[in-house]
Amino acid sequence: MSTLAESRRPWLLLSPALGTLSFLLVAPLGFIVVYSFWLRTATGADMGGFHLDNWVEFFTDAFYHDILFYTVRVALITTILCAVVGYIPAYFIANTRMKNKALLLLLLMLPFWISYIIRTLSWINILGTGGAVNYVLMQLGIVNEPLQLLYNEPSVILGLMHYLLPFMILNVYVSLSGIDGNLVAAARTLGATPFGAFLKVTLPLSMPGLAAGSLLCFVLGAGTYITPLILGGPTNAMFANLIFEAIIIQLNWPLGAALSIVLLVVLGTVVTVYGRLMGLNQISKSFG
Amino acid sequence: MDDTKRYERLLQRYRDGDISRRGFFGLLGVAGIATGVMGTGLTAAGRQAMAAAAADPVQVRFDGWGGVVSEAFRKHAFNPYEQKTGNEVVEGTFASGDEFLTRVKAGQPGEYNLFHASGVFDYARYTDLGYGVTLNEDNIPNLKLVMPALQAPYREVTNGTLSAVPYDYGTTGIAYNRDHVSDEEVKELGAAILWSDKYAGKIGGWNDWRTRIWYGALKTGQDPNNIQDMDAVWEALREHREGLLKYWTSGAELMNLLASGEIYLTEAWSGRVAALQQQGENIGYHDPKNGFAWQECLMVLKGSPMAATEELVNFMLEPEVAIAVAEGQNYPPSLDPNKVDLGEKIPKLPAFDPTGTLDGLTFAKPAYWNGHEQEWSKMFGRIEKGY
Amino acid sequence: MTTTTQSRATPVASEAAERAAAAGGGVATRRRPGVRIPRPSGWSLIRLASILVYVFMFAPIAVVVLLSFNSSRFGTFPLEGFSFRWFEALWANDAIVSAFQTSLVLGFLTAIISTSIGIAASLAMVRYDFPGKGLINTALITPILVPEVVLGVALLLFLRWLSIPKSFLLLLMGHVLITLPFVVLVVQARLTAIKPVYEEAAKSLGANAWETFFRVTLPLLMPAVFAGMLFAFTISFDDVTATLFWKSGGTETVPTQIFAMLRNSISPEINALGTVMIVLTVSLPLIAGGLARWFARGGRG
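Chains as they are written, first to last, in numbering that gives the first Met the number 0: chain L, 0 to 287; chain F, 0 to 386; chain C, 0 to 300.
Hint data in this document are derived by calculation from the structure and do not stem from the laboratory.
Keep in mind the model is a prediction, meaning the values are calculated, not measured.
Check the hints yourself; a few may be wrong.
[To be verified] Simulated DEER-style distance windows between Cβ atoms:
id: 1; chain 1: F; residue 1: Asn-135; chain 2: L; residue 2: Asn-151; range: 50 to 58 Å
id: 2; chain 1: C; residue 1: Trp-42; chain 2: L; residue 2: Val-264; range: 43 to 51 Å
id: 3; chain 1: C; residue 1: Leu-47; chain 2: F; residue 2: Glu-374; range: 53 to 61 Å
id: 4; chain 1: C; residue 1: Phe-55; chain 2: F; residue 2: Leu-128; range: 19 to 27 Å
id: 5; chain 1: L; residue 1: Asn-151; chain 2: C; residue 2: Phe-294; range: 49 to 57 Å
id: 6; chain 1: C; residue 1: Ala-88; chain 2: F; residue 2: Lys-347; range: 19 to 27 Å
[As the list claims (entries may be wrong)] Straight-line alpha carbon distances no greater than 27 Å define the calculated DSS-like cross-link-like pairs of lysine-lysine that follow:
id: 7; chain 1: F; residue 1: Lys-347; chain 2: F; residue 2: Lys-143
id: 8; chain 1: L; residue 1: Lys-199; chain 2: C; residue 2: Lys-194
id: 9; chain 1: L; residue 1: Lys-100; chain 2: C; residue 2: Lys-194
id: 10; chain 1: L; residue 1: Lys-100; chain 2: L; residue 2: Lys-199
id: 11; chain 1: F; residue 1: Lys-338; chain 2: F; residue 2: Lys-83
id: 12; chain 1: F; residue 1: Lys-347; chain 2: F; residue 2: Lys-186
Glycine included, each C-beta is placed from N, C-alpha and C at the ideal position.
Next comes chain L alone, as it looks inside the complex (with noise of 0.2 Å):
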């Protein structure tokens, strides 16, 4: 009996958040796969049936696949980024002998408490021909015209950073605290040096976190389309500002949910690696 129940309590703790994704997610994603065999009219309204022709015209243009490379090629050099930036002050948090390590966290959140849409659009003023940048920059007689410093892919990875670096820093924070540091301790005392020591014990331990970290900006990266339509030029589209003007300003669903299965599907691989990647690592741990 105490097997069975055994058995079944991973489904029960399971029970809540299955429950919530097969109403609220697996129900509406077949609507979407259905619609990707729809087609638009031209009054916008949908026509039902079998039709191949959103799949065909997204495997035979060239233009959409440029846009998915360009997409993963800005997601990853972000996630990179973020990753090495937010390594840093990640690690600084946990072990700051600073008090208020709660309040160094809510820190990193504030700007949330600023809509998006007006984060994005305030980089105007700080990166702008007219921004505070270009201010110091030409105070202090560094350059001599304004820098155009908005509108580009830096801009683009820029804007994404300061959405994303958040999520990284805190997720491996979470991890690093959780590292014992007795065990960096011994590895001292066992004649490592303190970079050793971090290589060798604590990096290691802390690749949960920086996964998780790294796969959320990863995914949060690919999926944006606000940044780039704001913060970039003509060609820093992205793939899903392709989905939404499918859906909202074509009013052309059933393209919209070709492409967003596109998208799902590229995403849903890099989870899966991930997935595996980090059962090997449960593996390694109960061996260790």
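With chain L's structure known, arrange chains F and C on it following the hints.
Okay, now just chains F and C, sitting in the frame of chain L:
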């Protein structure tokens, strides 16, 4: 359920004005917040059930732009309407007309009643999709104050009847920073100044396919309502992109770009430029020949409680309301200046036509633009992305 | 040298609660003051880099706070003059205040529900083996893989099919759905780092599953619980695309209010609201911490 009732009673007293907002929040208190939430959830369901069971009082839903516009509507139209009729106006907002149409299409019949629509082509899109109604114009006496010139395009779409009343109008002309661009230059070049090499990198443009193609037609010397050489327009739009700093996406972004000196030149909505000018910004505005004029309306959707909605529309057409909204958003109202005294501010707004005939303005022909919508919006979507 | 981790193996619930309260939700250090490891070399460099990251994060906030005190309606630099008028306007603006209230309530409820569901799911994923685990792991993350505009439209189609009207409850459930992956990721990452040894020890001492969870697992999990709630609240508070589609008539959150202002101009009251939020966020933990210390000293100053 007790808590729900208490909350509802509190809410009622608050709405009636018995208690101030501060008092209301105070009474809700920290523990009350949770109760309030449950109350909101339950009352929302309960209200719907009630509305289904008893037809009286009626709920009319209005969706519009937020900020000053909805404040003006609430104060001057909805509150008096609710007091007089006992009906309730439930307000919603949207960020763009396209987004709202998506919601209506995905929503349930009768869920949305009245909304602030842009452009006659939008009116045609909704009626084409079967969301239109036929208004009983006798129930809207204030319609007589509305310029016939603004009503005609809608009647043309729906065989002489109306599913909407015109509400305001404006133009999309050329806005320029007068510190850097002279009035003469803009007048001389007209739409072509947006292609000027001299200002390359300082030019903006709306990422709306209709506006872009309209200006592309002007640049290539074609009639925007009857474009013969579409390839020339696409080529012009690609060329425009080369000198462009940014495709802007909203009025708020447009104003930020213009006011911060990030761009010197762009086509812009008349009301937004007026708002900047009132604030003391040195921004000029010029409607080129055949510049893009447009009009907005209050549209009633299928499944609405007709009599109640028509009465609300009449309230919203009261000169006092229309003028307050117009002053808030800086677009002239649809009221005929020969019949209604529009006050001091409105005659000074750009795009305002004192004759009430609107002869000088060119509007988009809905059938023509909607007929090409699918193809053109897609094509511009690609040009916008550098293709 | 006593290891602090072992002393944490059987913490009592009250101690856990105390830690949670003191650290603003359980961000407890795992080292006792006596057991400090030497600071890594280059610590000052790390501190400097961290400060720079914070400066980067705060740059847009600085703009908003500055503009909230600007006397002019539009955000153009240089600022024209100092004024409190937008704060007064904010206080008088019922629409924004009630949207703010809705956002707060929605955010808090989302945080609580999403974190509870997420912890349960994470426990199942990390502590148990069962068929179909890989698939479920991916499914738990799926809500953030589907673009919100698609999720928004698709859910509406589903509801129309079922003839279910929109309601606050639906919006709340939708927010739980989109915040769940964040909670699951952060809790799972922490849970994999907590060795099952402690839980097994508690069980061998006679604790049942509930006691083990509340006395052993949850206290060790607190940093992740806190982070998860923070994520969930934040995502919910800032969400706009899905909320646009799911909100019912009369329901507005702060972001949807702002979105509706985009066509004309975003009123500066919004900047003032941002400033108020920031002041509250910074001051509340400080005040709470101060009060806690004051009470700990017996309220004698």
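Now the hints, each set against the structure:
The hinted range of 50 to 58 Å is satisfied by F/Asn-135 and L/Asn-151, whose Cβ atoms lie roughly 56 Å apart. Judged by the Cβ atoms, the range 43 to 51 Å given for C/Trp-42 and L/Val-264 holds: they are separated by roughly 45 Å. Separated by about 56 Å at the C-beta atoms, C/Leu-47 and F/Glu-374 satisfy the suggested range of 53 to 61 Å. With their beta carbons about 47 Å apart, C/Phe-55 and F/Leu-128 fall outside the hinted range of 19 to 27 Å.
Under the hint 49 to 57 Å, the C-beta atoms of L/Asn-151 and C/Phe-294, about 54 Å apart, fit the expected range. At about 25 Å, the beta-carbon gap between C/Ala-88 and F/Lys-347 stays in the expected band of 19 to 27 Å. Among the hinted pairs, F/Lys-347 with F/Lys-143 is consistent with the structure: their alpha-carbon atoms are about 24 Å apart, no more than 27 Å. Between L/Lys-199 and C/Lys-194 the alpha-carbon distance is near 19 Å, which keeps this suggested pair within the 27 Å criterion.
With a C-alpha separation of about 24 Å, the suggested pairing of L/Lys-100 with C/Lys-194 holds against the 27 Å cut-off. Distance hint between L/Lys-100 and L/Lys-199 is fulfilled; the C-alpha atoms sit about 26 Å from each other, no more than 27 Å. Between F/Lys-338 and F/Lys-83 the alpha-carbon distance is near 26 Å, which keeps this suggested pair within the 27 Å criterion. A C-alpha spacing of about 20 Å is found between F/Lys-347 and F/Lys-186, which places the hinted pair at or below 27 Å, so the restraint holds.
Checked against the numbered hints above, the structure violates only hint 4.
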